[in-house]
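Q: As a plain string of letters, each chain reads:
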Amino acid sequence: MEKRTEPAASPLLLAMRGIVKTFGRSVAVDGIDLDVPERAFLTLLGPSGCGKTTVLRMIAGFETPNAGEMRLDNTPLADVPPERRPVNTVFQSYALFPHLTVNDNVAFSLKLRGGVADIAVRVRRALDAVHMADFGQRYPHQLSGGQQQRVAVARSIIAEPRLLLLDEPLSALDRKMRGHLQIELKALQRRLGIAFVYVTHDQEEAFALSDIVVVMNKGRIAQKADPQTIYNRPADSFVADFIGNSTLVEGRVLERRGDAATIETALGAITAPAAEGLAAGDAAMLVIRPELLSTRGEGEATFTGSVSNCVFQGERSMIQAEVAGVPLRFAAETPYAVGTPVALWLDASRSFITRIAA
Amino acid sequence: MMVRQRHLALPVAAAIVAGCLAPLAVLVAFSFYEVEDFDLVPAFSFRAWGELAVSSTDWFLIGKAVLSGLSATVFTAILGYPVALALTRLATSGKGLAIIVLLTPLYTGEIVRIYAWRIVLGGEGLVNTLLQGLGVIDEPLKFLLFSPFTIGLVLTYNNLPYMVLAIWVSAEMVDRRLIEAARDLGARPVDAFFRVIFPLTTPGLAAGSLTVFALAAGEMLTPSLLGGTSGSTAMALVDNLFGTAFDWPLASALALALLATLFLVASAMAGLLLRFKGARAVMGRV
Chain V
371 MEKRTEPAAS
381 PLLLAMRGIV
391 KTFGRSVAVD
401 GIDLDVPERA
411 FLTLLGPSGC
421 GKTTVLRMIA
431 GFETPNAGEM
441 RLDNTPLADV
451 PPERRPVNTV
461 FQSYALFPHL
471 TVNDNVAFSL
481 KLRGGVADIA
491 VRVRRALDAV
501 HMADFGQRYP
511 HQLSGGQQQR
521 VAVARSIIAE
531 PRLLLLDEPL
541 SALDRKMRGH
551 LQIELKALQR
561 RLGIAFVYVT
571 HDQEEAFALS
581 DIVVVMNKGR
591 IAQKADPQTI
601 YNRPADSFVA
611 DFIGNSTLVE
621 GRVLERRGDA
631 ATIETALGAI
641 TAPAAEGLAA
651 GDAAMLVIRP
661 ELLSTRGEGE
671 ATFTGSVSNC
681 VFQGERSMIQ
691 AEVAGVPLRF
701 AAETPYAVGT
711 PVALWLDASR
721 SFITRIAA
Chain A
17 MMVRQRHLAL
27 PVAAAIVAGC
37 LAPLAVLVAF
47 SFYEVEDFDL
57 VPAFSFRAWG
67 ELAVSSTDWF
77 LIGKAVLSGL
87 SATVFTAILG
97 YPVALALTRL
107 ATSGKGLAII
117 VLLTPLYTGE
127 IVRIYAWRIV
137 LGGEGLVNTL
147 LQGLGVIDEP
157 LKFLLFSPFT
167 IGLVLTYNNL
177 PYMVLAIWVS
187 AEMVDRRLIE
197 AARDLGARPV
207 DAFFRVIFPL
217 TTPGLAAGSL
227 TVFALAAGEM
237 LTPSLLGGTS
247 GSTAMALVDN
257 LFGTAFDWPL
267 ASALALALLA
277 TLFLVASAMA
287 GLLLRFKGAR
297 AVMGRV
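Each protein sequence line maps, in turn, to chains V and A. Position 258 of the first sequence, counting from 1, maps to 628 under this note's numbering, and the rest follow consecutively. Position 92 of the second sequence, counting from 1, maps to 108 under this note's numbering, and the rest follow consecutively.
Extracted from the complex, chain V is given alone in its bound form (with noise of 0.2 angstroms):
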């Protein structure tokens, strides 16, 4: 589980540098650099507000960067309008044209380039790709959610661009429709090649797609890594919180020793891998991931405390127990009564001590 994996080393489609952008008096992009390889599935990961979608709209062309310098294929994107970037994007409202029938739709970027010999063939194609092929003659209004977006995704692979866009693309579907496409998703950005820039707020969307994660926060890359990294070995305390249900206990280092370090927290000292650059004294936070908490272990409890709120989740229970004043989050095969006692043992060494997001 602890394993990392480096992103696979492949050459380099899109750098950004020193990228700011502003709306009047607010910081929307406060200086990002990002790197985006050949054939990636990058997901930037962060709640609304945080900048993700102005970073994707910049590089569709739809915004111009305040300062920052951008390249695709190591050419300047500075003055390259939208319709002559090689990159295209799917819209969160799928923005599909509705005068046009599905076949119009996913033909009009050849249909702009004049002279594309084999338009049918490669539309059939192209919806073939999203399972849409019986469809070409309907209108989007008579498609439902998710077979609008099946469109929507053929329509701006058909001209097969060099870099795929997609804001939060799955956002307005209903759970088990976006699990679907989720994997359609996946297995067609392997089957294309081509490098997808995904947004969403969705952390377990970003898991299951991504090579890279992205994490931003106000305008800024708290992390970048890939899901595995992010999920255990948060940067810092904003991407501890927002990727899961950990509890973040703050706290100061005693003794760093190599990769681990002892924090003292309300819950008392505890030993786990810690932060790079943290060091005795400094101000800390210790992430506790619900399924490092277990009801049954060997000798000593870690922690003991009561239940002091639980919720039914199906195949099991996420329940809150207070251990010194500290809400414990952990799953349970059963539901429990609040105010039971519970006694905790803690899987220290998969645990991590973070850095207190700025």
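Worth flagging that the hints you see were computed from the coordinates, not collected in a lab. Predicted, not measured: the structure shown is a model, and the values here were computed from it. Think of the CB as a built atom: it goes at the ideal place given N, C-alpha and C, for glycine as much as any other residue. Be aware that a few hints might be false.
[Said to hold, decoys possible] Computed Cβ-Cβ distance ranges for the label pairs, DEER-style:
#1 Asn444/V / Tyr123/A: 58 to 64 angstroms
#2 Gly638/V / Ser109/A: 56 to 62 angstroms
#3 Pro417/V / Gly35/A: 56 to 62 angstroms
Please arrange chain A on chain V, whose structure you already have, making use of the hints.
A: Structure of chain A alone, referenced to chain V:
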């Protein structure tokens, strides 16, 4: 939507139909009357219709009404599109200001505007003085005032707000993401206009066109006060026949013929514009 409540529209619909058909019925009746010693006599005479049928002047004026309606429609549409699209990009406060600017001429009153145009376009008016001062011309331009040019210019100016408002409302309803999607898929701004914006705003264009066509074709004051010798209109003739000439039957027949012609042209125009796929996409879902 709300199909079962449709009967609630009946009283209003009835009032509109009655208010529209009753005067027409009166006109139809009058067109068969006779005039004897300055008195209208009920009869079943085809005298007025016969005179109208062979009058080249009357049909010339009807044709002229159609032509001036169509030209005002075309010019206001060409000028109106850029204005309407620019309006959609303004902030809300800017839109409020723009509406005021757009509508102010309409509140000024037609006579005031007409005399203002005389001052602007006259031999010693603003335009001629300016061009002479700049040395562009030696003699005042005569065609600026009391010419077909003047009528075309002023009818376009007068009716531009209606066209802009109609297209603007339609353009506001076009999702901006669609324009971005078009650009993203390789459309230059001009391609995005003709392939996305124009098709999806044809309902507004149709509404604006029908309004401007009706207003410009029926305009009488502007041509007669600014058109000089070219200022005769079918409307002025109808006015004259009802008034000074006291030939109500012929006036009624001419008015009906004008109305029928304008109605046919307007229907053809609406049919043409609403045949666009965009119009069907927009209207079909309302």
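Q: Now tell me, hint by hint, if it's right for this structure.
A: Verification of the supplied hints:
no.: 1; hint: Asn444/V / Tyr123/A: 58 to 64 angstroms; verdict: 59 angstroms, holds
no.: 2; hint: Gly638/V / Ser109/A: 56 to 62 angstroms; verdict: 59 angstroms, holds
no.: 3; hint: Pro417/V / Gly35/A: 56 to 62 angstroms; verdict: 59 angstroms, holds
Violated hints for the displayed structure: none, as all numbered hints are satisfied.
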